Amino acid sequence: RGGRQCSSDLFSSRSRTPSNGRTPACRHMDLARSVQDVLEETVLALVRHLHKDKKCGNDSIRCVLGLVDESVTTLTRGLSGRVWIGSNNGLSMCEKSDENAGYKFTTITTRNGLGNDMISDAMLDREGNLWFGTNSGISMFEGMKFVHVTHDDGLSSDVTTSVFISRDSGLWVGTGGGGLNKFNIRNT
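Heads up: the sequence shown at position 39 corresponds to 39 in the numbering used here, and the numbers run straight through without jumps.
One thing to keep in mind: the hints can contain errors.
Result set (EDC-like, lysine to aspartate or glutamate): computed pairs, CA atoms no more than 20 Å apart in a straight line [to be verified]: (1) Lys145 with Asp125; (2) Lys145 with Glu95; (3) Lys182 with Glu127; (4) Lys182 with Asp168; (5) Lys145 with Asp168; (6) Lys104 with Asp125; (7) Lys145 with Asp117; (8) Lys182 with Glu95; (9) Lys182 with Asp152; (10) Lys145 with Glu70; (11) Lys104 with Glu127; (12) Lys104 with Asp152; (13) Lys96 with Asp117.
Label pairs and their in silico Cβ distance ranges [to be verified]: (14) Gly170 with Arg82: 22 to 30 Å; (15) Ser166 with Ser97: 29 to 37 Å; (16) Lys104 with Gly178: 16 to 24 Å; (17) Asn88 with Gly179: 20 to 28 Å; (18) Gly177 with Asp98: 22 to 30 Å; (19) Gly176 with Ser97: 34 to 42 Å; (20) Asp168 with Gly81: 20 to 28 Å; (21) Asn112 with Gly81: 14 to 22 Å; (22) Lys104 with Thr161: 15 to 23 Å; (23) Ser156 with Asn112: 25 to 33 Å; (24) Ser97 with Gly154: 22 to 30 Å; (25) Lys104 with Asp168: 35 to 43 Å; (26) His151 with Glu95: 27 to 35 Å; (27) Thr110 with Ser156: 44 to 52 Å.
Keep in mind the hints are simulated off the structure, nothing from the lab. This structure is a prediction, so every number in the text was calculated from the model and none was measured. Note that CB positions come from ideal geometry on N, CA and C, so glycine has one too.
Construct the entire structure; sequences and hints are all you get.
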């Protein structure tokens with residue numbers, strides 16, 4: 001960190017570098033480092049806790065960590081610092097807890113408003129909304145509730161495989177069997 005600049009071969013020589021001198025890849029690397037830092041802290045807290053609590057048995061990591069499923073499909077970090085962990089059985093939201101300077105995990109499924117429990121991808125937009133690709137379209141978390149984009153809203157297939165938000169506020173959605181879709185998230 002300490003003032004280093006990132007460079008990336010992912011962008012052509014025609015790519016513009018922002019006035020702060022950091023390439024777009026730098027922001028992604030910073031986010032990856034932030035998620036990695038939180039996850040490393042979580043694992044260290046977990047190891048400390050495992051030495052104290054032997055009651056979980058062979059399933060101790062899932063039991064203590066609080067993941068809804070061991071099949072992790074995606075990770076993203078929200079503006080509030082929470083880490084969202086997508087799986088084949090819903091979302092696990094990880095946030096710092098005041099309790100023993102540890103972490104608290106909350107499970108979010110269709111019972112909480114998620115469109116489908118099969119999470120394929122996640123993306124954070126500029127306003128801090130989280131977009132989750134599911135097997136029933138897109139579920140967007142606005143901080144208090146979910147809003148859904150499905151085939152009825154123009155999505156070519158409800159089975160989403162990837163989501164990406166471009167600089168022009170375009171929500172790009174890769175689908176299973178329906179190709180690629182683009183929506184303007186300001187109008188969604």
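Indices of hints not satisfied (ascending): 5, 6, 8, 10, 11, 12, 13, 16, 18, 22, 24, 27
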